[in-house]
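J.: Here is how the chains run, residue by residue.
2 protein chains.
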Amino acid sequence: MSISKKLSRLACAIGATTVLSASLISADAMAVEKIRWQVPLAFPSHLVGLTTPIKHLSESLKAISGGDIQLRYYEPGELVPPFEIMDAVSNGKYPAGYTWIGYDQGTIASLPLYSGAPFNMEPPAYLAWYYEGDGKKLLEEIYAERNIHPMLCSIIGPEGAGWFAKPVEKLEDFDGLRIRFAGIGGKVLEKLGASVTMIPGGEIYQALERKTIDATEFSQPAIDKMLGLDQIIKNYIMPGWHQTLTTSHLLVNKGVWDKLEPQSRALIEMGCESATLKGFAESEWAQPTALREYEKQGVKAQVLPEEVLRELERVTNEVLDEIAAKDEMFNRVLTSQRDFMKHHSIWHGKGYLPRDYYQYE
Amino acid sequence: MSISKKLSRLACAIGATTVLSASLISADAMAVEKIRWQVPLAFPSHLVGLTTPIKHLSESLKAISGGDIQLRYYEPGELVPPFEIMDAVSNGKYPAGYTWIGYDQGTIASLPLYSGAPFNMEPPAYLAWYYEGDGKKLLEEIYAERNIHPMLCSIIGPEGAGWFAKPVEKLEDFDGLRIRFAGIGGKVLEKLGASVTMIPGGEIYQALERKTIDATEFSQPAIDKMLGLDQIIKNYIMPGWHQTLTTSHLLVNKGVWDKLEPQSRALIEMGCESATLKGFAESEWAQPTALREYEKQGVKAQVLPEEVLRELERVTNEVLDEIAAKDEMFNRVLTSQRDFMKHHSIWHGKGYLPRDYYQYE
Chain H
1 MSISKKLSRL ACAIGATTVL SASLISADAM AVEKIRWQVP LAFPSHLVGL TTPIKHLSES
61 LKAISGGDIQ LRYYEPGELV PPFEIMDAVS NGKYPAGYTW IGYDQGTIAS LPLYSGAPFN
121 MEPPAYLAWY YEGDGKKLLE EIYAERNIHP MLCSIIGPEG AGWFAKPVEK LEDFDGLRIR
181 FAGIGGKVLE KLGASVTMIP GGEIYQALER KTIDATEFSQ PAIDKMLGLD QIIKNYIMPG
241 WHQTLTTSHL LVNKGVWDKL EPQSRALIEM GCESATLKGF AESEWAQPTA LREYEKQGVK
301 AQVLPEEVLR ELERVTNEVL DEIAAKDEMF NRVLTSQRDF MKHHSIWHGK GYLPRDYYQY
361 E
Chain X
1 MSISKKLSRL ACAIGATTVL SASLISADAM AVEKIRWQVP LAFPSHLVGL TTPIKHLSES
61 LKAISGGDIQ LRYYEPGELV PPFEIMDAVS NGKYPAGYTW IGYDQGTIAS LPLYSGAPFN
121 MEPPAYLAWY YEGDGKKLLE EIYAERNIHP MLCSIIGPEG AGWFAKPVEK LEDFDGLRIR
181 FAGIGGKVLE KLGASVTMIP GGEIYQALER KTIDATEFSQ PAIDKMLGLD QIIKNYIMPG
241 WHQTLTTSHL LVNKGVWDKL EPQSRALIEM GCESATLKGF AESEWAQPTA LREYEKQGVK
301 AQVLPEEVLR ELERVTNEVL DEIAAKDEMF NRVLTSQRDF MKHHSIWHGK GYLPRDYYQY
361 E
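One line per chain: the protein sequences are H and X, in this order. Per our numbering: the first sequence = residues 1 to 361. Per our numbering: the second sequence = residues 1 to 361.
Wrong hints could be hidden among the right ones.
No copy labels: a pair is met if it fits in one copy or bridges any two.
What the hints assert, rightly or not - Below 25 Å or equal to it, Euclidean Cα-Cα: the simulated DMTMM-like pairs (lysine to aspartate or glutamate) are:
(1) K211 <-> D258
(2) K326 <-> D173
(3) K211 <-> E75
(4) K300 <-> E140
(5) K137 <-> E328
(6) K342 <-> E295
(7) K166 <-> E313
(8) K225 <-> D339
(9) K225 <-> E269
(10) K234 <-> E33
(11) K211 <-> E84
(12) K170 <-> D356
(13) K342 <-> E145
(14) K254 <-> E78
(15) K234 <-> D87
(16) K55 <-> D230
(17) K34 <-> E295
(18) K187 <-> E145
(19) K93 <-> E306
(20) K34 <-> E328
(21) K259 <-> E59
(22) K62 <-> D258
(23) K300 <-> D230
(24) K93 <-> E307
Read the hints as simulated data drawn from the structure, not as lab findings.
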């Protein structure tokens, strides 16, 4: 081999080594794996605070990773019906789904304690219980046997207590009422004599208009606004005793999750935490605007009398105890939540100003 | 040139090109710039929810970037005294600082409206005003002329109203009181006849023990616990009317910030949002534990009577109006906050359950 040839090879080798090591440093610096997930949604992507976090997550992960991590979400039913998201993620048909996990309470009884339950915590205490207490650990345990890794990825405050053809002044007003009401709150109203049905959000307007139901709850004021219920019903009742918070979760197939680079996992987790904070801010921003618009349209925003709330809480605890007696995991989650609420009550009750301090002047 | 030599060069060129393009894809995929910031702190890094977010931020950025982004924080005074952090970031002595921006209210009158002010919003509404309303925009405007880019990077709930040698039952009890009290709340107490001093946290215990002051506020229950005040004072008063929230901010030199890759900026912003959520959760977790421990040690957790709170709010508004008359930016921020609180009050007052619903049973 000539000297020039040797030199040429050496230079080439040095060049390649340099480039290679730069590449290795870079690969070490940030997981360069490509993530392309199709993510089915349970609710439309425009519900403020409830589903808008999936937009934030998708956009920010794409921007930060320079396009390497792309979570493309699909509106309800485009890929799979809302009630089938859990199974589709579990069996790997889709790598991830973004859903209201209360939809799966028929299969996993304890999920409503995570998706929003009567007289449960409000968002600040819930975040404490979820991240610092048992919440996250127990939810991961619940989903592990279904091959799913769950992540909290949105939290908003209370719902409204619903839309009623007539005002609610006493507990007896629920007796005989034909009402659309979801989850554990529905069981409470059944105990009080209501006839509870669960019809999809898209059919509520028609059912009220045709008077096949007398009342309904759906979500928060700003989300209910999209259904246009204020056009036919003038009694809007608060607060949403039956759901003191609502969450959404990103469910990821556990096999897919475990195979990700640790850096990708950390980035997606951080993305959900950030999206949760921003979604909560959006939600608190939007609710008063919706309520003010209701006022302008002649909707009466009624607050349930405290004695009615106390009775609703009493019956709620009966219902919760009944479910806990039948389902071990429900009992574990409920006990953990009740213990923390009892503990947290001293701060919740004494540490914050009275609710009406805004209006002292 | 021999054929073998040509082939060898070709192979080498192909190899180098392949490696190079892999490297370019990787560089495109994630900003590989190295960030090494020394970050001085205004408070010790172990204050739950208040400063612990800087730990979360530092650790998660390092993990996600594979060590490329390192924010190394330094305890108060190690690099620069707490009151000099803003200047040190402004003039580029340090690229960033993590601070309680109320410390700079002598220079920028409007900052206490961001760091925690009397009868201001609680965290959920504040997050709405900050991200969705004028908050973030105005704060960026405030700091722009000082060459600083500010980022909200922690939020916690109300402080306690303080530690008092004697219980506070009526407004007159503040008259003649020698009290350590920070910020705008201190001006309110001065109007009520108190003699207000501002001594550093580390000297409070001694001042109370030597009876050179009769009372003090410092922070939230779990943070006050670290000062050991419960050993010498038995009257702990809530709620913290004078600071309905407390924030920390990451201040970044604007020249440094603007030169960062867009991906790095997006990652740091996301990191602060995530750290804020986790810090808030930690804080809500820790407060009731501190209060329960106080109870065991014979500390009486007193709640201020509503008529005292109403009077404190009346005087607060006088003080706020006086500052607003003298400082244009204070007036702009205050007006924006008051407008939003007025708007938000319908939701804050009616949308949530009464504070004591935890204890109905």
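J.: Output the indices of the hints that this structure fails to meet, ascending.
T.: Per hint list: 1, 2, 3, 4, 9, 10, 11, 13, 15, 16, 17, 18, 19, 20, 24 violated.
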